[in-house]
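Engineer: What follows is the residue order along each chain.
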Amino acid sequence: MSLQRKIKLEAERDHEFAQWIANKAGGEKLRHCLQCGLCSGTCPLSLYMDYTPRRLMYLAREGFKAEVLSSLSIWLCTSCYACAVGCPKQINTTEMMYALKRLAIEEKYYPRRFAVPVMAKQFSRMVRQEGRITESWLMVRVLLRTGIWQLFGMSKLGLRLLRTRRMNLWRERIDRRREISQMLDAVESARKEFSA
Amino acid sequence: MKYAYYPGCSLKGTGRAYDESLLAVFRALEVELEELEDWNCCGATSYVSVDDLLSYALAARNLALAEREHKDIVAPCAACYLVLNKTQHYIREYPNVGRVVERALGEIGLTYTGRSQVRHPLDILLNDVGIQAIRQRVKTPLHGLKVAAYYGCQIVRPYATFDDQRNPTSMDQLLEACGATVVNYSEKTGCCGASQKGALSEVGLDRIRRLLAAAQAEGAEVIATACPLCQFNLECYQEETGNGHPAISMPVLFFTQLIALALGASSEEIGLKRCLVSVDQLLASKEIAYA
Numbered sequence: 001m002s003l004q005r006k007i008k009l010e011a012e013r014d015h016e017f018a019q020w021i022a023n024k025a026g027g028e029k030l031r032h033c034l035q036c037g038l039c040s041g042t043c044p045l046s047l048y049m050d051y052t053p054r055r056l057m058y059l060a061r062e063g064f065k066a067e068v069l070s071s072l073s074i075w076l077c078t079s080c081y082a083c084a085v086g087c088p089k090q091i092n093t094t095e096m097m098y099a100l101k102r103l104a105i106e107e108k109y110y111p112r113r114f115a116v117p118v119m120a121k122q123f124s125r126m127v128r129q130e131g132r133i134t135e136s137w138l139m140v141r142v143l144l145r146t147g148i149w150q151l152f153g154m155s156k157l158g159l160r161l162l163r164t165r166r167m168n169l170w171r172e173r174i175d176r177r178r179e180i181s182q183m184l185d186a187v188e189s190a191r192k193e194f195s196a
Numbered sequence: 001m002k003y004a005y006y007p008g009c010s011l012k013g014t015g016r017a018y019d020e021s022l023l024a025v026f027r028a029l030e031v032e033l034e035e036l037e038d039w040n041c042c043g044a045t046s047y048v049s050v051d052d053l054l055s056y057a058l059a060a061r062n063l064a065l066a067e068r069e070h071k072d073i074v075a076p077c078a079a080c081y082l083v084l085n086k087t088q089h090y091i092r093e094y095p096n097v098g099r100v101v102e103r104a105l106g107e108i109g110l111t112y113t114g115r116s117q118v119r120h121p122l123d124i125l126l127n128d129v130g131i132q133a134i135r136q137r138v139k140t141p142l143h144g145l146k147v148a149a150y151y152g153c154q155i156v157r158p159y160a161t162f163d164d165q166r167n168p169t170s171m172d173q174l175l176e177a178c179g180a181t182v183v184n185y186s187e188k189t190g191c192c193g194a195s196q197k198g199a200l201s202e203v204g205l206d207r208i209r210r211l212l213a214a215a216q217a218e219g220a221e222v223i224a225t226a227c228p229l230c231q232f233n234l235e236c237y238q239e240e241t242g243n244g245h246p247a248i249s250m251p252v253l254f255f256t257q258l259i260a261l262a263l264g265a266s267s268e269e270i271g272l273k274r275c276l277v278s279v280d281q282l283l284a285s286k287e288i289a290y291a
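If you read the protein sequences in the order shown, they are chains A and B.
First residue of the first sequence: 1, per my numbering; consecutive thereafter.
First residue of the second sequence: 1, per my numbering; consecutive thereafter.
Keep in mind that the hints were calculated from the coordinates and are not lab data.
Certain hints may be false.
To be verified - Cross-link-like lysine-lysine pairs, in silico, DSS-like; alpha carbons within 27 Å at most:
#1 A/K121 / A/K192
#2 B/K12 / B/K2
#3 B/K2 / B/K139
#4 B/K12 / A/K121
#5 A/K24 / A/K121
#6 B/K2 / A/K156
#7 A/K156 / B/K286
#8 A/K156 / A/K24
#9 B/K2 / B/K146
Source: prediction; values computed, not measured.
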């Protein structure tokens, strides 16, 4: 039998991470959290979460980086903003969840072939190339990377959507596509300058 | 008054009937709507998960294009509505975000000062057109039709100022003006599961089941939605809600399809043929006639 320590030692806390999350837009008031649990109570997905929003926010602000970033909770959040509008301390938990998703993608803290981050990446790639999203092509791109067998499972629905012309075979794109890449490149250079 | 119409990507695909019926409603009410020239993806929820600053820049290009035309934006999709509104807020509230966006827009010869507002069709219909004007133009009242008005999350939260964040009533009022009976729907701002059906299927299905069951429990015969993703989730996965057969089968329309119907639009105009769960039988049983 192997025993594992259940308590984190002070030295193991990641203070830099705690500071990072508190500095994110919407998280300025994270330290004011009363742990009242309203966020968890109103969250429609909390019943599936390993850490409910209340617990997750506490772990984040206390610097439990690995626990937070490898939690499934951040991927369950559908950004319905129920927690954000209900919080008596005006903490924007939804935006915190977004920030955590971004960091988890950047530092590769997510299950292999997991659809949410794959979809987010393919989505941004398609926008950069075309300026718009074509849902049918986005779906194909995601399924190719997360499990091609699902394409067959979806084929019945896919056919019905094609028949009702709710799925496009052509690609939606804007005329001045160059403007998108110009703009996004400008953001990359301005990001450093304004340390945003 | 003239508005810049921002359909967003879903209304050119799975939510095509929303696009068609919205245009039909505005046409019938003689409100001018002109598609925003060369609009791009709003950035949406998915882009925010990759990079927030890039998503603000994307949204801002649309805001700037509308401002150049001196128009407010009409954004029917809940995600577009949220992202465009949020960008407007963040540019103002976070100076660093504002500076980055300004630089990015400058690169392509655009500016955004915050003049153009982002509006939802519910807001326009209720506050600019008005209930009275709509009631007067009703040709085919939706008498006897029991509707669950489903707003979803991101239209009212967190930025909308035109309605309550937990118990909105704008859609209720509009549908009642068209003669429909709006049931008391406890899940009216509940989450549809967004894209969880594709990622964590059981979680998505659980949300869908709950929303359909709550509507059925209140005696609703049809659900009216204001978001392309809500509509898709609630309608297209009904077959999966039971074991091999739909646990609950209920038509799910866009609220604009119902209003357009009442204003005398034809089935063709409002994309009724795009329904996967047909509404024809229900409308016939209520003797609601349409071309």
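Engineer: Please name the hints from earlier in the document that this structure breaks, with their numbers sorted from lowest to highest.
Structural biologist: Hints 6, 7, 8 and 9 are the ones this structure does not satisfy, whereas the remaining hints hold.
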